[in-house]
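Given the coordinates of chain A, assemble chain B onto it according to the supplied hints.
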Amino acid sequence: MHCHNNLTTINIPEGAKKIVLVGNPNVGKSVFFNTLTGVYVDVSNFPGTTVDISHGRFGSDVVIDTPGVYGISSFNDEEIVARDVILSADLILNVVDAVHLERDLFLTLQVIDTGIPVIVAINMMDEAAEQGIKIDIDLLEHLLGVPVIPTVAIKNKGLDQVKARLYEAQVGNIPADLKKQLAETLNRIGCWAEALLVLEGDPHVADRHGVEPGTQRDEIYHARRHRVNDVLQHVVSETQEGIRFSTKLGRLMLNPLTGIPFFFVALYIMYYVIGVVVAQDIVGFTEETIMQGFYEPAIRSFIGRFISEESILGMILIGEFGLLTMTATYIVGLLLPLVVGFYLILSIMEDSGYLPRLAALVDRLMNVIGLNGRAIIPLILGFGCVTMATITTRILGTQRERTIATAILGLAIPCSAQLGVIAGMLAGLGTKYITIYVVVLILVLGIVGKVLHKVLPGESSDLLIDLPPIRLPGVKNVLKKTVTKSHAFLEEAVPLFALGALIISGLQITGLLDVIQTLFAPITEGLLLLPRETATAFIMGMIRRDFGAAGLSDMALTPEQTLISLIAITLFVPCIAAIIVMFKERGAREGSLIWIGSWIAAFLVGGIVAHIIL
Amino acid sequence: MTLDQAKRGQRLYIASITGDTVRAQAIRFGIFEGSEIHCAEKLPAGPIVISKGKQEIAIGRRLAENIEVQPA
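Protein chains in written order, with my numbering: chain A, 1 to 614; chain B, 1001 to 1072.
Do not take every clue at face value.
As the list claims (entries may be wrong) - Dumping the calculated SDA-like pairs for lysine to any residue here, alpha-carbon to alpha-carbon at most 25 Å:
#, chain 1, residue 1, chain 2, residue 2
1, B, 1052, A, 143
2, B, 1054, A, 251
3, A, 163, A, 91
Claimed, not checked - Chain B is nowhere near these chain A residues, computed Cβ spacing over 12 Å in every case:
#, residue
4, 70
5, 133
6, 164
7, 167
8, 361
9, 372
10, 374
11, 554
I should point out that these hints are in silico values taken from the structure, not numbers from a laboratory. Here a beta-carbon is modelled for each residue, glycine too, at the ideal position from N, C-alpha and C.
Here chain B stands alone, though its shape is the one from the complex:
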């Protein structure tokens, strides 16, 4: 499934991220293939907020559709 389908509060593993720039930016925040994240908040039809440790990141809905995840 993709990140936009995640439920609030769910723990997930990142399976793949499409897009070179996005992948490069995400990996700096510690988000890359294999890392475990937590879906902290979902704005209605809007961005997904994920957290990893103390780090929180908002990801636009369309971008989230390009991020493959698996429930942890």
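Only chain A is shown next, with the shape it has when bound in the complex:
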């Protein structure tokens, strides 16, 4: 068999076998991975995606994890990554959920059909037993043609068996019809697994071989689905009917009457953890006490011994916007705790099964602005860090949706750093002003989304989402996810923050910052009816959003002026790192439109509010 190795990102030692873990989302695959590899694990980002794959050693071989997928194809980034890792596998450990065999065995049969040796672990056997599901393991083994091992991974049951029998993995039963169908494509391509995907119409794999994607997906999928149902009929017997508590709880989260209050409670907990505990207490300590209190003076005096702070290099390294001062403080003191906090909450919501239900609950609302329920994820993340959220828009189905979500993030979502300062200033103004602020922002968000939805060509994708059972998330799993995601984000964002700092230092050194400041003044006084000094805050806001807001808090403003300036600064351009990411993700044209659009929105809306209330 001549198959391509698509895994250029992972170093595979000479002669080592590639053992690939495959499974649907939420089947407990990571426990298997940890058991096989132990503590020494590498995480690498798959080029062009937000998808990270972990790999580690099992004896002299390499174990590679894949993102949870429902099938091998290329409907989204996760699937593309999983597909390429699977195609390069020497041996596949397929983990399936005993309770959801009807869904999971579809992937199992597809994996078997690739002709790669497979071993199947049926996980969560205890849950299945609890629900009166009986599975005839021996018969399943016989029907699939590969070893099948029952396990309860989180209770460490059956894992030794998996380890011991891993190399008994074998090529399973591939139906004769499919073999016949494959014969011709196989002749041209020379690799069984890739021939299968070409036949199933995968455009990328077909392109790699310079052939047209096949048109037989429907036929093959249907045949496979019938095989799954046939297998199930023989091996599964259910003794118990009725709805379980977790199913009921899941329904309550969906039903608007109970689901909406639940959502607000979840939001409040999230606000409390991120907005109060992390953004105020923890960041107060890490940013002010540690970084600004100890680190910055230390690095200034250390570098200052060799380079004067007033020299050009000195300004770049340890100046106001220095790489070793502001950038380091920002990333370590502010961003790191926030990003970790956000990913921690997101991982808990993800692993508990709540996130897909939330997506369903808000789907209708999101449709108004041309998005589907899934888009709630980047929008919520935006309140943490807009840069992080912009990268996450990759989970959305179409380019159109990504454009809309990115524009909303750039315009109307204040990030947590900024929100902290804004909340502090608003709190002193009273309920009336807080309400105006929130209503204006929601209006802008709605209008921007609605307008883009109208003007952008094409159609947005619809919601089709699996609602996994509500479960108590595992601590280890949540922590691991948080670390992996935070790490991946920082790896991507740190160079951009550094670049942003460099640009600003450059503006300062060349004196351009002062020039901009002078040019800017008329808009503030004429349009926004604010003192001309507020221009400085806006300039600062171009660098870091919270700088802008913080700049305002030092000024003597009337309550009306505070409100106007806060609305304008919130709508104003995203921070320099976020805008760089937007350029990278959406291209120069869209990136600059969003940036210019933020100027217009900020001063237009700010101006309108100013002339109404003043």
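Then chain B, alone, in the frame of chain A:
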């Protein structure tokens, strides 16, 4: 009739699903022409939640309009 017209608690057969990608994604969850499903929840003007065995799936309203069903 189409899936968006289903009533909460109703049992249905899938008659046809329009759209290649959607059909391919749905069949993985065990939902395809001929399969019997249960309308578990309807969000007002929003997604339809269908269940089949232990599997639950939320389907956007517009998508549901493209799925032909028959009462079982």
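Now the hints, each set against the structure:
1. B/1052 with A/143: Holds, at roughly 23 Å.
2. B/1054 with A/251: holds (13 Å)
3. A/163 with A/91: Holds, at roughly 13 Å.
4. 70: Not fine: 4 Å to the nearest Cβ puts residue 70 of chain A too close to chain B.
5. 133: Violated: least Cβ distance 8 Å, not greater than 12 Å.
6. 164: holds (30 Å)
7. 167: Holds, because the least Cβ-Cβ distance between residue 167 of chain A and chain B comes to about 29 Å, which exceeds 12 Å.
8. 361: violated (7 Å)
9. 372: violated (6 Å)
10. 374: The assertion about residue 374 of chain A is violated, with a minimum of 10 Å to chain B.
11. 554: holds (45 Å)
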